[in-house]
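Sequence order for the protein chains is A and B.
With this note's numbering, the residue at position 13 of the first sequence is 0, and numbering never jumps.
Counting the second sequence from 1 gives a position; this note's numbering is that position plus 347.
If you are wondering where the hints come from, they were derived from the structure by calculation, not from laboratory data.
Incorrect hints may appear among the rest.
Claimed, not checked - For each label pair, taking beta carbons as the anchor points, the in silico distance ranges come out as:
1) B:R421 - A:E123: 28 to 36 Å
2) A:E123 - B:D559: 35 to 43 Å
3) A:R400 - B:G601: 54 to 62 Å
4) A:G89 - B:D529: 53 to 61 Å
5) A:L390 - B:G601: 51 to 59 Å
6) B:G479 - A:S283: 22 to 30 Å
7) A:N144 - B:D430: 37 to 45 Å
8) A:Q51 - B:G452: 46 to 54 Å
9) A:I404 - B:V463: 52 to 60 Å
10) B:R421 - A:F134: 44 to 52 Å
11) B:G479 - A:I404: 33 to 41 Å
12) B:G479 - A:D268: 15 to 23 Å
13) A:M88 - B:A618: 39 to 47 Å
To be verified - Here are the simulated lysine-lysine pairs, DSS-like style, with alpha carbons at most 27 Å apart:
14) B:K501 - A:K(-7)
15) B:K501 - B:K528
16) A:K86 - B:K549
Quick reminder that beta carbons are idealized off the backbone N, C-alpha and C, glycines included.
Next come the chains, spelled out residue by residue.
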Amino acid sequence: MSSESKFGDYGGQFVPEALMPAIEELTDAYERYVIDNEDGFMDEFRRRLAEFGGRPLPLQRADQLSARYDTEVYLKREDLLHGGAHKLNNALGQVLLAKYMGKERIIAETGAGQHGTATAMAAAHLDMPCEIYMGETDIARQRPNVFRMRINDAEVNPVTTGRGTLKEAISETMRDWATTVETTHYVIGSIVGPAPFPAMVRDFQSVISEEAREQIVEKTGGLPDAVLACAGGGSNTMGAFHHFVPDDDVDLYAVEAGGSSLSVDEEEGVAPNSASLSTGDEGVLHGARTKLLQDSDGQIMESHSVSAGLDYAGVGPELAHLVDEGRVTPVNVDDDTALEAFHRLSQDEGIIPALETAHAFGYLERVAGPATDDRAAEPRDEHHDDLGDTVIVNVSGRGDKDLETVIEETQKRDLDIAPDMSIFNEIGGGI
Amino acid sequence: MGLERAFADEPAFVPYLAAGDPDYDASIEYVEALARGGADVIELGLPFSEPIAEGSTIQEAVVRSLDAGMSPDRFFEFVEELDVDVPLVCMTYYNLIYQYGSGQGPEPFVEKAAEVGIEGFVVPDLPAEEAGPLRAACDEYGLDLIFIVAPTTKGDRLASMMDQTSGYVYVQARLGVTGAKDDVDDATEESLARIAEWDVPKAVGFGIKTGDHAERIVSAGADGIIVGSALVDIVAEGHENGDPADEVAERLEGKARELKAGALRGAEQQATAEGS
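Just chain B, with the same shape it has in the complex (with noise of 0.2 Å):
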């Protein structure tokens, strides 16, 4: 059973931390929070030296975690330490998945990935064209690889994904790169109309910073939301100030549990306009 499972009762929260960030100790109390806030599925980032579909938030929380001494065996360790019954998505760059081990393809990552627990992949440098090795490899061990659906993706392209997606669709609910934002974007419903036929879990990500955001997202169709930039805020905040990591970690169960409440807020919503 793949990450399908974690949409199939209610909406799922899904939360996005840089690991590591800003330091692996402190990382691993804030992932851990995510899960008692109403985590379904986590997505940890491995962080890459260029990530180009990150803004500015996610990209500083990388920077932070490279400095901490973040690297893919880390990360592999990192992972094995959480004490979390969620599953776990890596996100992370293609130069990292195809160099490591022996080096030159994606295989001996996706061998690691599965043996310390990892239950699939967001790769955003990564389309179908290109996603045939990290596919079959994932298909190997068992692993789903998730594609982001882009306001931009139509026609054949929307095909070619449907048919190599697993686990859950990634719905990008604007264009631009990740960062939290003060409104929900047209674009959001539009991208949900056009993939509403699939028979896989849709979570929307890219700009999800409120209960709010998350209640309208579900309740415009999304099985999921998936948060990133609104959380890794609270970590680069209380990196800032000083503040104790376990004031941190509250702060992020709290703004799970704002999230996670929201979603199913739309979901009531979803089921009453169903109903009448």
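Isolated chain A, as found in the complex (with noise of 0.2 Å):
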């Protein structure tokens, strides 16, 4: 582990003034308490992550899915963490870190509602009080999230600024952070924002990756030839990648959120994917210089994702750096592509995946799945056609919270493999 405030060009503290002392205590705290281990710190976030999280956490051989591609995919199952999500790693060691540095409050941004959910539940805990910010767009997209957060005794705070997205929920918080800094720790949910949060939540994660690469060398003898996660923020991401970055001949292909087109929208300031790897530019936001979703004057597009937890148009500042590099290669696969995804990793391996993480899987079936007529007529990627012979995916959470959205979106689309989903009208509407 490293306090690395800058990757390449990209990282950085681009923050108010108010703000900088409490990230230098902030630095000081993550170098002495998580790098150094402290006071047993480290000791203690392991023993909570194992008897409250429940890791360590399987990498399970996806049996329907290998025969399929003709690949051996194994699945790394962070959606049985508690909670649903990689998003208790991080939450819980940063809820934790507050309380060792004297903290008496926990605000958190949540997208998804997942690292809100997971902040509400590791600040419930520790005893903590804890508020979420979460915009009025993902309040209504999400609200299971919503309903778990209160019941975990969260205040959730709507954010109504600009789409009402995590881009909005971010800014309030800090805003939130700026008044009551003295007192408050923020916990952010992904490895974006000033240093050191970049490399203080990867390392929170980056546990993904300690126990998968253990675990593939136990199954299969050796090391996989590619390892796939969504990209959005990117903490499961980078969690996932992070054990693997010295491994020169592990694939690390990080799945962005197509949306409905790469193309942006200038006039409107409105780019309707989120793929700021694929297609973003390299601009400052929320803290760190990383690649972004602007326009030519450099405002910050309003992006999409079916996925709320991929909805952000900036993505982690060493993602942003490794992709430059040449060692993580940015993909996307778009909302038709990921729903598929969704319901063929729920019929064939019995696992209802996010929205997000059905993004990784679009990807594999892309790549490896077999000819249809529609792929016939687009360009096969010329040079991951072939993602080797064993293949991780992280999969990143559970679907549970995404049903809603799923039922609305498939039955707005003509996909061949979704269920019939009449009785949902029958039932009225609703679930």
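Combine both chains into one complex, guided by the hints.
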């Protein structure tokens, strides 16, 4: 572990002056407790991750997908982490760190609600008051998670500015922090924001690849040929990649949300996708220099994805750097392909994935799946048409939270793979 | 001679408005009204889509201005068109400065700003640690770079900022984001005391709403007052009520006179206290 604040030219600390002392204090705490294990912080973190979170989590061979793709497909089952997504690895780490730092209050932003839920659980577990900022668009499309946060006794503050998604929620949480910085810790939910957050969140999430690397060697006697993970801000991505980064023979694919289109509408300031690694330009947002969806003036675009958790105009600076270095390959999958993959994993493997996670499986299908009429028409990715003999896909979260969206979006489309959804109309729409 | 000159004789009144709020033409009138009302420096906001240091009042101004078509190029036209005899400072976020022109560096933006007559910058998301390239470009074109001293800024950070700031220093009166408040925070006096020996004018902002606030802050030792949200509130109210721009401009001029008069009263008290 290291406390790097820059990744190549990316990263840094572009925040209001009022926050700088808190960021220095946090950097100091990160170095002492997380990197140097002062006062046994990391031992307590690992113990709580095991007892409260349920780690270690299995690496499971996906029998049906392996047969379909003629490739050994292994699933890293982060959906089995307490709360149903990888988010608790980070939230538990940061809430515990806040406690070691003597902070009295926790705030966090959330997009899909998974990070908010994980933070609310961790705060309840560690007896800290907690407030979550969430865009009103996201509140509407992720209601189950709003209920879970409230039931864990967290306050949920709706954010009504902009399009009411993750970008606005982060800005609003930073405003709260600028007011309450002396008593409050901001549990940022991804590998974004000012240093030390990107490195610290990665360190908490790197338990994913630490386990997966040992498990794949144990099961197959060697390293995988490729690791696939979906990428929004990029915390499950870097968590799944970190311990494989030095293994040059392991290809790393960050699967972004292609949304409905990769093109942008400069006039309206809208990018109907969240593919900042694939299509973004360098810029400064939310405390870091990174790749962004922005117009030619530098105004931040409104992103889009069917999956709330990927719906963000930026990405972690470390991922941006690894892409520039050629170590990580950014690819993207559109809403339709992600929905198909959602249904396939649910039907073939008995795992209902988060819509975020479904993007990673959508890429697997596109590259390794049987040819279809649709696909014959579009060019295959020339360089990546063979992922190799052994592939790990990070199952970053489970899809219970997405069922309303999936039913709605599936009914809008003509997907061969989807089950008959008419029963949901008969029972009155909502679930 | 940099922006220091605006603070030389008497306490300076430094108003802020978002350029182009609620539209280009009305905003020109409003800025000129502030100059007539006694502004000594005017901070013009170039709206950025993610204003993380702003409270709801200025966030809404930013949205109105962007919706009405404000952009960096339009902002520079705006500055050129203004008929005011007051130094102008551009307040914006770093990404807009960084992307301008061929992009990926602050120099083209600074060059253009200098060309249209901007004399300095306030960049709320650019702490001293990241300011090197902008500081260098400002030096090259003879512009001031104003840093914000927060209630939490102490020790080494304060010292490194003192090395970099020029024109004046923006003393943030309270923690939090911008927005008019009904009182004066004790943190103001403590912050002023921490930088008392700095040889640069100290202008206090964040939360100042009335002439009485201005008086109290200047009597506590400030060389100037920065007022944004209380003025933007007047613009917003006029916009919501559909009031004619000249009436709104008159209200702004009146508010400016109230704030400037308060600052002058504060200076008298300061002088009396020093004399006794």
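**Request:** Could you see if the CB distance from G479 of chain B to D268 of chain A stays within 15 to 23 Å?
**Result:** holds, 22 Å
**Message:** Please check whether L390 of chain A and G601 of chain B have a Cβ separation lying inside 51 to 59 Å.
**Reply:** This hint holds: roughly 58 Å between Cβ atoms.
**Satisfaction of hint between K528 of chain B and K501 of chain B, Cα-Cα up to 27 Å** = The hint holds at about 24 Å.
**Message:** Is 44 to 52 Å respected by the C-beta to C-beta distance linking R421 of chain B and F134 of chain A?
**Reply:** holds, 45 Å
**Asked** So does G479 of chain B sit 22 to 30 Å from S283 of chain A, Cβ to Cβ?
**Response** holds, 25 Å
**Message:** Quick check: does the Cβ-Cβ distance between G479 of chain B and I404 of chain A fall within 33 to 41 Å?
**Reply:** violated, 54 Å
**Supplied distance hint 35 to 43 Å, evaluated on CB atoms of E123 of chain A and D559 of chain B** = holds, 38 Å
**Request:** Please test the hint of 37 to 45 Å on the beta carbon pair from N144 of chain A and D430 of chain B.
**Result:** holds, 44 Å
**Request:** Return holds or violated for the Cβ distance of Q51 of chain A and G452 of chain B against the range 46 to 54 Å.
**Result:** With a Cβ separation near 52 Å, Q51 of chain A and G452 of chain B satisfy 46 to 54 Å, so the hint holds.
**Consistency of beta-carbon spacing, G601 of chain B to R400 of chain A, with hint 54 to 62 Å** = For R400 of chain A and G601 of chain B the Cβ distance comes to about 59 Å; the hint holds.
**V463 of chain B and I404 of chain A - C-beta distance against the hinted 52 to 60 Å** = Holds, since I404 of chain A and V463 of chain B (Cβ atoms, about 58 Å apart) stay within the stated range.
**Pairwise hint evaluation, K549 of chain B against K86 of chain A, where the allowed Cα distance is 27 Å at most** = violated, 37 Å
Hint check: violations occur at hints 4, 11 and 16; the rest are consistent with the structure.
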